[in-house]
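Protein chains in written order, with our numbering: chain A, 1 to 496; chain B, 1 to 496.
Since the hints were made in silico from the structure, they are not lab data. Be a bit skeptical, because a hint or two may be false.
One copy or two, either will do: identical chains are not told apart, so a pair holds if it fits within one copy or between any two.
Calculated cross-link-like contacts (lysine to aspartate or glutamate; reagent style DMTMM-like; alpha-carbon spacing at most 20 Å) [said to hold, decoys possible]: (1) Lys-13 x Asp-53; (2) Lys-13 x Asp-96; (3) Lys-434 x Asp-475; (4) Lys-314 x Glu-445; (5) Lys-13 x Glu-103.
Here the structure is a predicted model, which is why all the values come from computation and not from measurement.
Protein chains: 2
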Amino acid sequence: MNAYEALDAHYQKINDLRHIGAITGWDESAMMPAGGGAARSRAMATLNVLVHDLTVDPQISDWLVACENLELSSMQTANVTVIQREHRQAACLTSDFVRAQTEAVMASEQQWRISRAENDWATIQPHLERVVGLAQEEAAMRADAGGLGLYDAMLELYEPGVTASQLDTLFEPLKTSLPLLTDEIIAHQAKTPGMPLGDHFEVAAQRELGLSVMKTLGFDFNHGRLDTSHHPFCGGVPEDVRLTTRYSETDFLQSLFGVIHETGHAMYEQGRPKDWLTQPVSQALSMGTHESQSLLMEMQAGRSPAFMTFIAPKMRAAFGRAESDPAWSVDNLYRQVTTVRRDFIRVDADEVTYPLHVILRYELEKALIDGSLTVADLPEAWHQKMTDYFGLSTAGNYKNGVMQDVHWPAGLIGYFPTYTLGALMAAQLFEAAKTRQPETLQQIETGDFSGLLSWLREHVHNRGSAVSVDQLMTDATGSPLTTDAFLTHLHRRYLG
Amino acid sequence: MNAYEALDAHYQKINDLRHIGAITGWDESAMMPAGGGAARSRAMATLNVLVHDLTVDPQISDWLVACENLELSSMQTANVTVIQREHRQAACLTSDFVRAQTEAVMASEQQWRISRAENDWATIQPHLERVVGLAQEEAAMRADAGGLGLYDAMLELYEPGVTASQLDTLFEPLKTSLPLLTDEIIAHQAKTPGMPLGDHFEVAAQRELGLSVMKTLGFDFNHGRLDTSHHPFCGGVPEDVRLTTRYSETDFLQSLFGVIHETGHAMYEQGRPKDWLTQPVSQALSMGTHESQSLLMEMQAGRSPAFMTFIAPKMRAAFGRAESDPAWSVDNLYRQVTTVRRDFIRVDADEVTYPLHVILRYELEKALIDGSLTVADLPEAWHQKMTDYFGLSTAGNYKNGVMQDVHWPAGLIGYFPTYTLGALMAAQLFEAAKTRQPETLQQIETGDFSGLLSWLREHVHNRGSAVSVDQLMTDATGSPLTTDAFLTHLHRRYLG
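Sequences are here, hints too, so could you generate the full structure?
Here it is in structure tokens:
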């Protein structure tokens, strides 16, 4: 067994244990009764320690060095590159640090659930101070090991190869134009207000509709399933993708577009390079790329007039509405899924205002990491930016302000920007798909996603982590990522 | 950390990984889409190897030796005893042997599914020869390591402390009396034939009825759940017991009593000693003891006139039948759940004929292990015993004869007797419970199982593996296990 083969075998083992962890993690969210929680946490912690120990195994460094003298295929070389990065990211933290951080984050997350419900900043602040302090330490260790800036070292965990300076460039035109664009769109939409759809939708009918849409999009039910959980997510493994949704009896669109979103994630996983699934090179390229696949399905394709034309009759059939009911016309349904409003909550935001929520967080978390903003000053800074970007005050409204997201209490710093990178990529990829395959929208209008999915398989899914985001975007669309396609899309959809 | 504490920590880790394995195993049977199978098998194999490596860790021997010089509590001492046995059982087989056996068994099980469906003995015979050959080797290694007889060494895996000679003594009166008793009962029941219940029962209603019965019996839904799978089983972990059933639209009694059976297993798991759940001493005492808990609920309590009085109105309500319908009277429903017949299939057998199915297998597998019977001669030997004990010929009928059970193709030799040990224990324990708590049957008639469950918790569940079966039975019932209570029960229920 040469060094590459040894690496390959080692990562197969890691992949097997991650498989077990992914399924058990899904179970915890979708199946486990509450009483099973304590024992499960302990069991998962033991598994995670085992996996962590394998990823920092000192043999890996030796194998990586020895690989330099081997003739490897391009995929093998790419695999080695991903392993190098993963190994550096895992090995630069001491076990003691990982344990301390895990404990701090668990305590902080648990407190966050309580504090948020009670709009109580004072009880979460000390936890957040501890977690942010540890994140600063983490960033310093990662920056040192990777030769990166502090924030860049955190960002690299989710978006390898992208730096804060690139983000600044990408986000600038959004920050400048979106507030005005939002004004214009809201004024425009006020001229033709939507008609309400009713307020009761059977969960069983919602589930059937969701399953049928998943099938339409191209989800492979031989390699995955749909269940319910409190927080919708896409988990499992590429061979068996587990996605979840939640149902509101008063709003079926929330669940349906949630399912479409998660199906986008799921099909990315199902489309990872088949012959490399046990190896890191088969993994999704980045969190932004992952989000591009969910947003392409949800925002670009799903909320298009073409798809609404296809799905409107199925919506009416699912909930027993007449074609003659004007509220259930294609036009009104389309209006319902493209309504823009300024609001407090990121996860409920439309695609026009969403990037401003992200930019606000990005700016604040950069300042937290470099120490120019303290946790104590965070609520005021949040309020200030919400006022500037949205004209909304969050003074005293922690629950719907600085405390609305789990990310910071969970120690996730550097993650937020990937949501907007995903939105930009989705727009640029969808534009390219439509240009290269001009029949795309007509196909979607008949519920045929096979052409679009094939294009995504070839240009995104099958590439795994074997290229950079820049390369992937250039190969697929002819240029690296810019904001052009996204802004053009917004103008066309909302003011066209 | 002294040697005992080191052992304790080591087995906590093993327990954590077994937890993960149990949940993932449940998922495979109850949730996983078929396409996930290949990757899952690989992942589970990796986890199993990890767990096996931990159970044969050479440090364990050192810790066990060092424990001899420590002052331990009685539970700690019992824990050490169980660990000693488990470690010996794991360590006496080489890794090469385990791998060879695992592969042979997997191939054999897969072939069995095909061969059984096609009633084709010729294709399974070579697999069975290989598996039985390996079982003989296994028995020899186990016998050597444990100072036990060949068959006793296999039996010890499922029923520690019980020997073939004890089984011979227990089974003799059953073998002698049951064929005649069966004749008598069948003749007796022929005088008052049952009325059929109908042939369509909504699955949703069956599920609701099953859930409500689980609640009645005392299943804790905060620590477990009910799902469906092709083969019903009780899996998961004590903190989160996963039980499954399957539904037939034409026969609701099969699923309902299946649920009651699995709930008996499940409540044993839920009742294991709370403070010792991470340690081997908390495990169920033996497979026979486990089966005693399922059969006590299903056969002793569940099919009693008292329970049928309680459940009959709920059955009628579940399926919309009138109280005046004579087929749905308590009497006829009771008759339906206590019908005795001679038949080919063990898993469908009633409690009267079941032990004969077991004794037949026990006699044959003993002969297979000691080499006095070859696999080639097995179908003829099966046919002979079926003719002797049941008056039924299985000549050429492999499917419903020698090929009906997965146990031998799966390499499980020494397991069958535990079914009948469980039936005997169930009868003796239930008799003792009724004697000690004379209100038991009246309580069951009102759907109150709390008294019975408390008694089982104290005398069986909470004891874990800290005692021998003999001791447990003596403490709970006043005498070691005999066939008296079981035979008395049969006479009383079926001829009384």
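Checked hints:
1. Taking the closest pair of Cα atoms, Lys-13 and Asp-53 come within 20 Å of each other both inside a single copy (12 Å) and across two copies (14 Å).
2. Taking CA atoms no more than 20 Å apart as the test, Lys-13 paired with Asp-96 passes between copies only; the shortest distance there is 19 Å, against 24 Å inside one copy.
3. Within a single copy, Lys-434 and Asp-475 get their C-alpha atoms as close as 15 Å, which meets the 20 Å cut-off; across copies the closest is 78 Å, which misses it.
4. For the homomeric pair Lys-314 and Glu-445, the shortest alpha-carbon distance inside one copy (13 Å) is at most 20 Å, but the shortest distance between copies (51 Å) is not.
5. Only between protomers do Lys-13 and Glu-103 lie at most 20 Å apart by alpha-carbon distance; the minimum there is 19 Å, versus 27 Å within a single protomer.
In this structure, none of the earlier numbered hints is contradicted; all agree with it.
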